[in-house]
Amino acid sequence: MTITREASRSAVTGLLAVAAGAAMLASAAIAGTVTQERLLNSEAEPENWIHHHGNYETHRYSSLSQINRDSIGDLVVKWTYGMGDQRGGGADPVKFRSSGLEGTPLAEDGYVYITTGWGRVSKLDARGNRGALVWEYDPEADKDWAPSVLCCGINNRGVALGGDLVFSKVIDGRVIALNKSDGSLVWEAQVADPGIAETMTGAPLVVNGLVLTGMAGAEFGVRGWVAALDMNTGEEQWRRHTIPAPGEPGNETWKDDHGAWATGGASTWVTGAYDPELNLIYWGTANPGPDWDNEYRPGDNLWSDSTIAFDATTGDFVWGFQHTPNDPYDYDSIAEKTLVDGVINGKFRKAVIHADRNGYVYAMDRVDGSFIWGTVFVDYENWSNGLDENGRPNSYDPNVDVQHYNPGTAAHRGTTTEVGAKGTVEGILCPSHAGAKNWSPTAYNPGTKMYYIPVNEACNRALTIVADPDWDPAVRQWFLGGYPYQTFGDSDPAVQFANGRFGRWVGSVTAIDVTSGNIAWKTHTDYPQYGGLLTTGGGLVFSTYVEGKLVALDATDGEELWEFDMGAGANAPPMTYEVEGNQMISVEVGYGGAHEQWSNDIHPELWLTKVANVLYTFGLH
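Numbering-wise (this note's numbering), the sequence shown opens with residue 1 and increments by one.
Nothing false has been slipped in among the hints.
Here are the computed lysine to aspartate or glutamate pairs in the EDC-like style, where the Cα-Cα straight-line distance is at most 20 Å:
1. Lys610 with Glu547
2. Lys78 with Glu108
3. Lys78 with Asp125
4. Lys350 with Asp311
5. Lys549 with Asp74
6. Lys449 with Asp513
7. Lys522 with Asp557
8. Lys549 with Glu559
9. Lys347 with Glu389
10. Lys350 with Glu43
11. Lys449 with Asp365
12. Lys449 with Glu43
13. Lys350 with Glu277
14. Lys350 with Asp365
15. Lys522 with Asp379
16. Lys522 with Glu559
17. Lys449 with Asp341
18. Lys350 with Asp513
19. Lys422 with Asp470
20. Lys350 with Asp368
21. Lys78 with Glu578
22. Lys610 with Asp565
23. Lys347 with Asp368
24. Lys522 with Asp554
25. Lys610 with Glu563
26. Lys449 with Asp557
27. Lys522 with Glu560
28. Lys449 with Glu559
29. Lys422 with Asp468
30. Lys255 with Asp397
These aren't lab readings, by the way, just hints derived from the structure by calculation.
Take the sequences, apply the hints, and build the full model.
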């Protein structure tokens with residue numbers, strides 16, 4: 001349903017792509033039309049933020065410098081907007097007490113576009129130091145059904161702009177296109193299958209007239225894919241699965257006899273990157289399924305836990321790089337891919353940088369996927385013993401099909417083979433199952449040549465539960481093959497952290513010199529970094545802290561220069577834009593998502609955190 005300042009009206013709610021309104025799109029372009037040329041050259045208009053990640057390269061960098069090291073002390077709240085749509089859902093009021101917010105706003109020509117966790121899209125007029133509602137569209141997601149098939153919160157991470165349309169996803173697997181002027185529905189397409197627990201949480205990516213989308217659901221036994229829709233009609237142009245089927249190269253790495261590839265996970269729930277010169281898109285894939293029982297799926301399990309390059313026009317597979325073969329740790333590689341051109345290790349390279357949940361940050365050649373360097377970016381890592389010259393874990397054993405990596409880190413069956421029985425070997429893994437870096441986006445500053453990572457400095461325990469080869473994804477139940485846990489106050493030396501704290505999960509913002517792969521600096525935080533980062537031409541890195549702070553760090557050395565308590569828990573990354581000659585910083589504040597579900601028992605004080613859904617906008621006074 002679309003609501004404007006003038007009136008409210010019903011919207012089309014059918015689930016099939018429709019061509020209604022397409023004729024309107026064929027009219028002559030008007031001022032403000034987001035053309036492909038504008039998307040390619042977004043750095044030329046720093047007053048706007050027209051990409052989810054700032055640009056196709058996913059730098060999350062803005063050249064705006066009005067807010068800088070010298071002026072940061074004058075940063076104040078200019079306006080706020082209550083986003084609402086806070087309701088949780090389902091039968092578990094604790095797990096889903098709030099929808100929460102993880103989105104990145106977009107800004108264009110003085111207007112801001114935002115989404116709630118349930119997928120309600122709003123356009124705000126940001127001129128005059130206000131946030132006045134222009135229109136909003138509610139896709140009317142089923143709030144009772146959706147939580148039953150969600151892993152990690154009720155999330156929508158933002159919209160995309162293209163032509164005169166605003167594109168968004170709905171948690172139940174729909175992609176929608178809205179008229180940018182009035183918020184009316186132009187088309188709607190059911191892309192993911194909620195019947196087998198496929199869902200959508202990431203922001204779309206618009207490339208050459210296509211709307212690209214990934215999907216979530218690896219914990220429910222789905223098979224991952226990336227799909228491309230025609231921007232004007234919603235008609236699907238191509239779909240490519242991330243796990244090869246029988247007869248396709250890579251399927252031989254699924255060495256079981258019960259078709260584990262078909263329910264093998266490798267979902268694609270974070271927005272990808274695009275290189276126009278190579279015409280390649282770069283996407284990350286999630287864990288294999290089941291997460292913990294890797295004996296169920298012997299072999300490397302391509303292309304789970306991987307960085308994949310696809311042809312943007314056809315979706316054809318070009319190359320892949322797997323980070324954790326036969327993963328027994330839930331080490332997704334879904335993170336955004338950051339494209340960097342420059343001298344790396346003494347040679348000019350076109351690189352793709354990736355910070356993995358397994359605790360390593362990788363530089364790969366984005367032409368062919370060859371390994372350049374890899375660096376541990378967490379304080380404590382115990383599973384790998386480093387990387388070899390090709391970027392493969394040193395503890396990987398090529399002579400076995402089921403990897404246990406370093407003794408004591410991987411939970412596995414041992415002598416237990418009965419379906420549903422707990423494994424006889426407990427794992428203590430570092431980084432934790434939540435990953436050294438989760439979905440929260442990184443940032444890259446071309447001035448400092450540093451890549452900034454929001455880090456989860458944590459460990460935990462895990463047990464295997466023998467998975468059932470007759471399991472059916474249509475039941476829409478968890479397909480984990482085990483579970484992770486940590487006892488509050490755990491004193492085992494292996495779950496203590498390098499900074500001396502234990503029984504807690506803590507975090508850091510860590511800067512990597514991309515020219516060498518070396519750590520430049522690290523700033524520790526009291527809680528994991530689940531919000532995400534922004535870096536600017538003003539020499540700053542902005543970070544959202546889960547306890548509700550917005551913090552500015554010096555981009556060169558990590559010194560904290562400014563902080564503001566926003567009064568509620570926060571999981572979303574900041575962004576910046578300019579309106580009427582003034583630089584603004586905006587961030588969505590609304591506690592929820594994975595941290596609340598999986599970490600609050602470790603930090604019981606965070607159960608007291610407020611969950612108000614509010615857009616904060618800061619500027620200089």
